Each structure stands twice: as structure tokens, then as C-alpha cells.
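J.: Assemble the complex: chain A is given as a structure, and chains B, C and D must be docked to it using the hints.
Each chain, letter by letter, is given below.
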Amino acid sequence: MNVTTFGIMLWVAVIFPLLLAIPALHSRLPWPRYIAIIPAIIVTLLPGEFFLALPWIIFESELAINGEMRWILTMTVMIWLIAATSTAFSKNDISNDRTATTFFLLTLAGNMGTVLANDLVAFFCFSTLMGYGFYGMLIQNSNAETHRAARYYLWCLIAADLLLFEALLLAGFENNGLHFEIVPTTMAEASSSLYLWAVFIGFALKAGIWPAHLWLCTAFKSPNLLPVLLLSGVPVAMALLGAKRWLPFGESAFFDSGILILMLGMVAMLYALLKFATHLSSKLMLLAWITILMTGLFVTALGYGLAYPSEWVRYQHYLQPFIVIFVVCLTTATLIFARSHAVPQISSLELQSKSKLNLNIIKIQHWVNNKYLQLKLSSRTSWVKTAKRYQRILFWQKPFELTIGWSGRITMLVVLGLSLAWLAS
Amino acid sequence: MYFYALIGVGLFSVGLYALINYAHLLRKILALNVMGSGIFLILIALAKRTGETQPDVVPHAMVITGIVVAVSATALALTLMLKLAAETGRAELSEKDRD
Amino acid sequence: MEVVFKEFPWVAVLILLPLLGGIVCFLFSGIAKFTGLMTVFFTALSVLGLGWQIFDNGVYRHAVGGWGAPLGIDLYADGLSLLMLAATAFVALGVSVYSAGYFERGYSTRFWPIWLFLLGALNALFLTADIFNLYVTLELMGLAAVALAGLAGGKNALTGAMRYLLATLLGSLVYLLGVALLYHGFGTVDITLLAQRAEASPVIWAAFGLIAAGLMLKTALFPLHFWLPPAHGSAPPPVSALLSALVVKASFYILLRLWLEIFGPLVSNTDVSTLFGLLGAAAILWGSVQALRQTRLKLMIAYSTVAQIGYLFLAFPLATAAGVAAWSAAMYLAFSHALAKAAMFLAAGNMLRFGGHDRISDLDRVVQRLPLAAAAFALAGMSIMGLPPSGGFIGKWLMLEVAIKQGRWEIVIVMILGGLLAAAYIFKVLGHTFTQAPSPHESKAVPASMEWSALLLAIAAVLLGFLAIPVLSLLNIGNPFGISEVTP
Amino acid sequence: MNWNTWLPVLVVISSMLPGLIIFGLAEHRVRLRTILNLFGAVVKLFLVGWMLWGVYHGQHFETRLMLLPGLELVLRAGPLSLMFITLSSILWLVTTIYAIAYLEDSPNRSRFFGFFSLCVTATIGVALAGNLITFLLFYELLTLATYPLVVHRGTEEARRAGQSYLRYTIFGGALLLIGTVWLYSLTGTLEFAPQGGFLSEIGAEHHTSLIIIFALLIAGFGVKAALFPLHGWLPKAMVAPAPVSALLHAVAVVKAGAFGIVRVVYDVFGVEFATDLGVTGPLAWLAAFTIIYGSLRALFQDDLKRRLAYSTISQVSYIALGVAIAGPIAAIGGIIHLVHQGLMKITLFFCAGNLAETLGIHKISEMNGVGKRMPWTMAAFTIGAFGMIGAPPIAGFVSKWYLGTGALEVGQGWVLIVLAGSSLLNAAYFLPILHRAWFRDPPNNWPHEHDFGRKETAWPLLFPPIVTAVLALAAGILASAPFSPLEWGQIVAQREFYKP
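Chains as they are written, first to last, in numbering that gives the first Met the number 0: chain A, 0 to 424; chain B, 0 to 98; chain C, 0 to 487; chain D, 0 to 499.
Zero decoy hints are in this set.
DSSO-like cross-link-like pairs, simulated, lysine-lysine; straight-line CA separation at most 27 Å:
1) D/LYS371 <-> D/LYS454
2) C/LYS443 <-> C/LYS32
3) C/LYS427 <-> D/LYS235
4) D/LYS362 <-> D/LYS454
5) D/LYS362 <-> D/LYS235
6) C/LYS443 <-> C/LYS427
7) C/LYS32 <-> B/LYS82
8) B/LYS82 <-> C/LYS154
Label-pair distances were calculated between CB atoms; the ranges are:
9) D/ASP104 <-> C/THR294: 30 to 38 Å
10) B/THR87 <-> C/ALA11: 41 to 49 Å
11) A/LEU28 <-> D/THR33: 36 to 44 Å
12) C/GLY406 <-> B/LEU5: 41 to 49 Å
13) D/PHE288 <-> A/TRP55: 32 to 40 Å
14) C/GLY406 <-> A/SER192: 53 to 61 Å
15) C/TRP51 <-> B/VAL70: 35 to 43 Å
16) D/PRO442 <-> A/HIS316: 56 to 64 Å
It is worth saying that the hints were derived from the structure and are not from the lab.
A quick note: this is a predicted structure, and the numbers were derived from the prediction, not measured.
The beta carbon of each residue, even a glycine, is placed where N, CA and C say it ideally should be.
Here chain A stands alone, though its shape is the one from the complex (with noise of 0.2 Å):
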């Protein structure tokens, strides 16, 4: 076998499961979802760096892989065949039908396609792929609850895909390929920081980065095991992953734009971490405020990079292993919990299935969470209260009401905080 050969695996990693995805094709095979992801297992199995560029694609675009990221590949496949795992036994998994299954390979092959693109084109069509794909399966045979975020993770992907969008073609005026090696280093030098605030705020809204981790924490209260469980990893690194690839980093420096970022990213953490402490009670939500929390680590992370080049060229060799880490840790955590926990919100319920066994375990889940709801209410009714404060802020309608909550009122000041002691230096 020859590089050609191997380049030809990377397209085959994409393509197999986009084709497995039509519904007459999976059907009759056994073990889909594990079929879907071998070629992307064989592909981080092949050694040294090689790619395929096929000269009639649009755009010129290519699929490559280097060790670099072989990693996170190998992050994305362990992710997956968790995930195929916590689906594949469980019979009577009410998102374990054909239409999950088709929306379950789109994501797949539209996150294999984010890992292994090359280019900004590429990487934008599989980004979207997964997006969309990914809301799919979030809607499915969802609750209210879940609704309400797959639409926020709707908007938040047209958004952020209109900003990339946006982003691609400022890339695209400046430069005459879209490759990776190439565009941050232009786009650098063009000094556009109408680009990076693009490429930020599109990846921040698809990462869920405070403040728009709305979508995030309501789809962790999903009925479906599923989605919550790619939630941590998925959609989250994957956009982390763009931010890092599309950026300038390492260039010049971009030291306003980077504060700025950074500063974000702190008090993501904040009001992360006050979040953190108030919502003890739901242990899914938690893994929602350790994630959204992470991301903004990662976002101190990026805008110090930018600020200071000279810093990323000698640190960013930790990010990558610390990516993969922490999301592959993330995703088994959510595993057990939800195992664990079954579903967190029964009560708002609103299973379409009219199987007899699923309207049982419902049943059955119903009386242990009310037992369970009850006790906490009784118990603690002044948190109760807080609660539902938090719950309006959560939905983010009247941010400046004076109403606001205390955490929100320390982030908030905070903010203000920082803003100044950036503005007098």
C-alpha cells in the first residue's frame, strides 16, 4: 500500500458512513453504527502523514492526516464507539431506530470530515454536516425541554455557520488556496480582525461558550441518552478544534482582540464555576457546567495565544493531548452518570412512542424522580426559589433586569472589573 492508497482511506472514512446513512443501506446490515466508524479506525491505524487532494472537488479541496491530528482522530473514534456502545445493547432505546441511526452516521461523517479536512472549505461542509446532523439527533423523540435547545442550537449554528461563512470568504479574497498551512499565516498578515472576531464568535457560538452555552445546558436535559453523551465531546471539541486551525495563531500578534478573548474566557470560568456551585443537586448539569466551564478554559487559552504568539509557539504542543484528554474523560463521565441516572427531568416528558415496555420504564422513572424531586423540595424550598430565578436568566430573555442573580451580578461586575483594568493599562 502506497500514500495514494492511504489518502484514498481518509475520503473512505467520510464517505462510508454518509453512504450507510440512507436508510435502505443500513437497514439490512447488522451493527451499522460500528460498521460506519472501522474506516476511520483503520485510518489512524496507517502510519506516517499522507492526504488526498482530487483536483475536480470544490475548491481543490483535501482530506489529510499528521500526527498531530492522528490524536484527535483517535479521540473522535474512541467517542464514537462509546457511543455506538451505550446505544447498541439497549434494545429498547427508543433512539435506536432507522431515522437516529441515519442522523447518527450524518454526525459521524460530518465529524470524521471536520477532523481529517485540510482545508478551511472542507472543514466548513463537514462542520455544517455535523451541526445539523447533530440537531437531528437532539430532536429526536425529544421532550419540550430538549426542543427549546435544539432550537437554540439551531440558531446558534445558522449564526455561527453565517459568520464562517463570512470568515471563508474574507479568506477566500485574501488568499489563493484555503489550506490550512496557508490561510492563518495571510490572514495574519492581512491583519483582519473583522476575520478572527468572525471565526471566534462563529466557533464560540458552536462550542457554547458563555454566553451563548444556553443551548448546552438545556440540551443536557435531553430524554435521550445519546446526544447528551456526544454533547460534552463532540460539537464542543469540534469547534474548539476549528478556532485553533482557522486562527492566526502563532503569527502576529493580535493583542487587543486576545485580552478581549481571554477575558472571555475567564469569566466563562466564573460563572461556570458559581453555576457549578449552585446546581449541586443535578448531576448531569453539573457535567453541563464542567463542560461549559472547559471551554472556557480553552478560550483563556486561545485569546493568550493571540496576544502573545511567542507564548503559543512554545505551549501549544499541551493543548493537543490535553483536548483529547479531557473529552474523552468528559464523555465517559456523562456515560456513567446518565447510565446511572437514566433521565434527569422525567416529569416533562413528552415520549411520542407507544410501546408498552418504554410507557413501563417511564412509569417506573417517573416514581423514582418524584420520590426523589419531592424529598430535595421539601428539604430545601429557599433553593427551589433560587432555582427558578436562575432558570429565567438561563433562558437569557431580560439579561439587564435588575432581578438578575447574585451570580450573575458577580460575573457581571466582574466583567466590568476586568474591562477597566484593561482599559487604564
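T.: For chains B, C and D alone, coordinates are given in the frame of chain A:
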């Protein structure tokens, strides 16, 4: 000479007046005939050209032709009138006759 | 053989053959239909012969019996006459085939002699070279036309015919008075001689006034159009076709001829041509609006004729600066209007025969049930609206081009408005032909000959859009529009 | 006279002749009619393919017929024409197959298919027209040929829609006629030439006239291209059967208008000269406004076809926008959108037709869960809709990409905002449909269901949308392949912007 021509013009005018003024079709047809006669008179009157002893023959030929045409026209007109009268009971044109 | 063809007196055939045929039809009513058709066919062939003749030899002039002007009858044929003869031949063929199917036995014996008589008169009119003979042919044509219009009988037709008769007789007489004055003034009736002798004088003005008034009445130029809609609207459809397509054009032809040869240079005062133009514009707008308001199909088409006549008069103001182009445009419009309007009346006749009525809003799914008639109507409508590719489009294009070059925007706007209104009334009809009428009706079969004759005429009107170059070069044989400029 | 001079005529005739024969066929001769239709479509496709190959290799195809002295009918195959006729002939074949199945057992099919073929003939004529007068001729023919299709159902509503259609198009035709004659009387020629050419030599004293002529021509074409405020007929014309809507929107009428705008700016005035005259700016603003306006109106339609109609109004203006931005890259965007929009929109209309024909669904509010009942149809619909939104890598993305970078290239950054706003609105009116179709639960009974056994619908109804959806996808993914719309667009832009 111009006297006859003027009389011809007069006849023409009277005919025109009658054609427009009277509703009865017979009167209208007669009026047309009067107009025709007026023109014939003009033609004949102007046939005598100054400086020539012999009157011009061409207008005479024209008048004869004209009379033939006028006779046939009148015949057609009268036929039509009779048919119309038989159809409507009146020898008049009226907007109200349309269905 | 070729020499025989070239020397053959086609003009005489053109006049005598229809008259002879008419007499035969009159005498032997049993073979009227056959004789009529044959006569029309051979007359059309003779037009072809004449066309060939003057294409090779140029203008044709023939003194009947060798007498010559002023006493004898001179025949004259140039491109302009040829165009009118050709239009006549085409329409005659179509209408004759149609009539063969349309008229039942009783009417047939009356129709054919009069129609052939009319054809002879028309041909003679287009070939005549002196103004008095023009009067005679005009009068003959008028009488034959009236007889045809009243043919169907019935209150409406007779009233229309009577009105028509009075108007046409009045017009002829007024024209005759003008002729008398001209003869008195210049001692000749030959157009060419008159053109040489005539000079600007009160006599010319008076004669022009009378002749123009008489002919305008006969051409039904607004506001003297009052007689046309009832006459054309209530005559049998093939007769309406003849009247609208040919008879009104004949009097316009005389007016144009005399204007070009005699009056134009003498009274070439812009006021007169402006007046013609104004009346033409008013005719277009008024006729179109009236057509749009009609609820009866045939009346609508008749009003459309009033409007289309207006276009011909728009050429007068334009011709002062660009004679050939403007007149070519007008004649092209006249030619295509003749074909299209005939087709339209015939198609309307089919619908009338088919449904037993011609109420526009009750046309019941004609497109499905009588597709050829609907197609004929639509194609003819294309030419009337001036949509490409059709004869009407070429005519309008030429005229618009002249108007824009001269900066006559008012004329441009009127023409475009006229086109839009025409589209409005034609598509009003077409729209209803697709839908089911509120009161569906029984239908009566329509012979194929009637359907196809209408359709072929309409197709001819459209194909005329592709024949502009040969037609215009034929039209310019003998340079009927003066040599003031080169062909565009 | 050799083969190359005949080929353009043959391409036109290959649809006209079957059309004329079909008019004469009796209603029940289904098989013969189908054979004729398909034969014509296949022959045309073959001839067009031949021509495509020839032009690619530098051959010259031209037919001329003298109409008036100095005024000729010219049919000429250039790269721009070929893009349009290739699209038309492919989509004609597909639409014919679709229409045969769609109209099965409905009355007046001979008439329908006759006019259908004439409509395509006129479109091909528009595409091949080598000068403005030829263009005008076929453009008006197109009006006449589509009118019977719009009123085909023969209802009172259809008649009204037809009258409205005519009111707009005939009026537009009149403006076009004035503009054309005026131009002719100024210049004496109407020939299309790359980069315009003959107009820039006209003296400055005529520039006001030229601006008015430009406005007249654009207004004339704008009626069919449904530029605001001349778009009113399009939503009304939705009463026509689905194949007609598909044809009107994707191939024939709307496209002819947009194509006319392209021709006027590029081959009559020339981009450079038009920019000097200052007419491209207002056109760009008008197009941008139409894009936003159409999308906004689409948001509030519950009738599926009407929503698609407003979407067309919005999308077709991308073409005008690309042309009016007056830069070579934006030009590519505008020109390829001619093809891309056609592929995507025809897919959407086919799907809408399938829903109506199979389940009796006409309204978006009835579409709950339809994806479960008709997965293939809705998959095609999804591709079309995402393409419209501009999601990569579907064709619409490529168009938007070139429009965007083209606008940046000539320093017109505001276009980016328009593009973003339009994408947002597109998403806002397409995604809810998709959401309903895929994620809501289907009702117990569909409004009016036809039984097709185990299949979701009849094959000839299902096959066309899938083919066009795949084409739309391929036009995006394989954008850099030879003979792709993008490559032809680049060839055209090359001709229009750079001196040889």
C-alpha cells in the same frame, strides 16, 4: 356658367342637410340623389372652359357614368330599405334596434 | 413561353376574370361555388403573374383599347398596387375557401356573384390610374360591400348595412365633388398628369379637403368610424373579414396614392399631416378602449379594426421627414392587418358557428373543443398586437424606428399603448376560451375547410414577419413613395 | 451552409417539431406522445452535448437570417448560451418524464405537451439569440407559449392568474420593444458582443438616452426575472400544475428574464461601459432589495408552492446582483447561479408536486411527519432547501461564495450583509419545513392519499427530483471538474472581463 355651378353646390348642401336631418330612410336616399345631381350639375357647368368654343366632353362622359352608378346605388338602397322595413316595421335607423 | 408570361396582360385578367366569374355565378347558380373558387384561384395566380411581370420589367402601364388619357382607361401597376393586390388575393383565397363551407345553398347563390363583383372592383381600384375611375371602382366596391353586409338579413345586419350604405354613398359623393373640382382646375383626371399640372391653389385645397373627407369617411377614420362597428359586427363572418381586411384598406389606398402623387407635395404643410396623425392616434386609443369594453366578439374585432386603421394614419406626420420608411411601415401594417384581421373574423365565425353565440365571457372551452379556431385567433392576435415574429411586428418596428429617430415620442407612446390595449382585448378573449363558461352549451360541428382557412391566414400573417425583405423590395418597385431618400 | 450553421437551428427545432406534431395528436395516443416527447428531449440533449463539445474546442456555431435590411435573426452558440441551453435541455428531459407521470389521466394532455415543448423551444431560442432582436422574438414567444400552461387547468382562478401574468409580461415586452428600437435607432446594430463594445463609442450627448434605454431593457427583463416591484405575477402563477411551476421557475420564464439582464449588462452595454454610465449600482441595490424582500415575503406563506415562489423571487435576483456588482468574480457567481438555482428550485418544485399528487398536501402546515412517509422525496427536498440556504457543499454555496468574494474584490462589502441576511431568512423559511417533515409525527390520515403500493410514489415522479437533487449536489461538490457550471462560468467571465 358659375351660376349653374353654384346651384350645384346649393343642391349638394341641401342634400347633405337633408341626409343628416331626416330620419326616414326614403328621405335620406332622396337626399343622396339630390347631392348627386348637384355634383353632376357642377360637372356639366364647369365643362365649358374659358377660351374654348366646344365644351369639354369628358365631364359629360363622367356624368353619364355617374348617373348609372347613382341609379344602381339607389336601387340597392331602396331594396335594403324595403327589407329593413319588412323586418322592423319602420323605415328608420335607430340605435334601439340592436338586440 | 417566358415571353408570353411577361407580356401577358395580367391586369386585364385581374379585372375581367372576377367580373366574368361573377356573371357566370349569377347565371348558373348550380355551379356558383365551384366557379367562384376557381375564379378566385386563377385571379390569385394572375397576381403572381403580374408580380413576376413588374418584378422583371418595372412599372406596368396599360391603356385599355389604346385610348389613353384623358378619355380612355389607363391601368397602372407598381409595387404599391401589387402589394394591395397580393393582400387581396391572399384574403380572397382564404375567405373563399371559408365561404364555400360557410354559406348554405340559398345564401351561396347570392354570395358568390356579389363577392366576385367586389373582387373585380377591388382589383380594378388598385390598378386604376385616374381619379374618376377610382370613383367608379370605389362606388362599385362600396355597393358590393353593402350588399354583402346585408346578405344575412335580420334586423342588425340590415340596419348595419343601411348605415354603411349611407356612409359609403356620402363618402363617394364628397369624393366625386373633389374630383370635379380637380378636373375643373387642371383639365385631367390622370394621376400622373395631374401631378405634373397641379400647383398650390385654393382649388387644390378645396379638392383635397373634399377628397380627404370622403375617403376618411369610407376608411372609417376616427371620428368618422361610427358606421363601421355595426356593419362589420353584424355581417356574416366571411363578409366581415372582407370588409375589415380589404374594403377599408382600398379607400386608404386611394387617399395614400393621391397624397403621394398630387396633394402631398402641394399641401405639404405639417398641419394636415399632424391632423391625420392626431386622428390616427385618437383612433388607436378610442378604438382599442372600445374594443376592450365590448362583450361581443365580432364587435370587439370590428372596433379593433377602427384602432388598427389609426396606425396607418400615423405614417402621415412621420413621412414628412422619412417618406419611404414611414410608408413602408404603414403598408406593411396594412398588409399584415388584412391577413390577421381576416383570420380573426373567420376564427370568430367558427366560434360563432360552434357555440351559436359570440359572447366573450361565455366562450366555453373553445381551446379544447375547437383548437384550430383558437389557434387562428391567437396567431392573428399576435400580429395585431405586434408581437414578434409577425407581420404586425415588422410594421410596428419600422414605424417605431422612424418615430424614435425623429424624436416623436408621442407617437411612440401611442403605438405602445395601442399594442398593450390590443393585447388586453385579445387575451381577454383567449382567457375565456380556456375556461368553462357558467352556462355550457351544445356545440355544432364546424367544417374543416373553415377551420383551416382561418388558421392558414393567421399563419400567413405571422410568417409575414420573416418576409420583410422580399415584400419591401417588391413594394418599392416603381418607387411609389418618391425618391427623397434611400431604402432604410 | 455547413453543419455548424445548421446546428443551432436543429437544436431549436428538436423541441419545436415534436411540439407541433403533438398538437395534432388525439388525446388517447399516450404512447406515441410519450415517445415523441422523449425522442425530442433526447435528441436535443445529444445535439447540445455535441455543441458543448464543439464550443469547448473552439468551434463556431452560428445561423443568420435576414429579417429587415440591417436587422438579422442570429442564433449563436457561445459559452454563456451553452450554460443555459445545457441546463434547459437536461431539465426539459427530466421535467418531461415528471410531467408525463404527473398528468396521467388528466385532460388536454396533447395541448399541454405541445405548449410545453414550445416553451422549451422559446427558451432555447432565448439562450441562443445572438442579438437583441432575436432575443426579443423568442422572449415574446415564451410569453405566448407559457400562457396556455399557466391557464391550463381552465378554472376561473387559473384564468385570473393568466391575465395577471400577461399584464406583467406584455407590459414588460412593450418596454423592451421601446428600448430595443431606441437602441437600434441610436446605434444601427443590436448584435451581442463580449464586453459590449459598440456602445462605448457613442458620444457623451447620448448618455442620458442610454441610461433610459438601460432602464427600459432591465425593466422589460425584470418582469420575467421577477425583480421588485415587477414580481406580482409569479406567486399567482402557482395555480399551474407542478411541472409548469418547475419549468417556469427553474428553466424557462424566470431564467429567461435573468438571462436577459445578463445579456444586457455584458453583451449589449459591456460591464465597463455600464459601470461608467453609473447604472450598475442602482441595479445592484434593486437586486439586493428584491433578495431580502422575496425572502421576507416567503416567511409568511403557508402554501408550499407560494413559499417556493417567493423564494424564487429572492434567489433569481442573485443573478442580477452578481451581474450588477460588475466584477469578474461576482460575475461568475451570478452566472453559475443561473444553473444552480435552476437545479435546486426544480428539485423543490418536483417535491412539492409529489406531495400534492401523492398525499394531497399543499400547505406547509399539513407537512407534519411527511419525511417518514416519503423519505426519498423529502431527502431531495432537504438537499434543495439546504442548497438554497447556501449550506456547503451544495451548489448554492458555490454561488454565494463567488458573489461574496466578488463583492469584496470590487470593494462592495455591503453585499456580504445582504448575503448573510438572505441566508438567515432562507434558513428561517426552509428549516421549519424540514423540521416538520422529519421530526413531527405524521397525522393518521393524509389529506388526499393516492395508493402506490409499497413505493412511496410512482417511479417517474420520484426519479426526477432525485436526479436533480444529485445534480445540485454534484454541481457543488464537483465544482472544479471540467464542464462543471463553475468552469463554464469562469470561461464566460473571462470573455466578458478580459480583452483577448
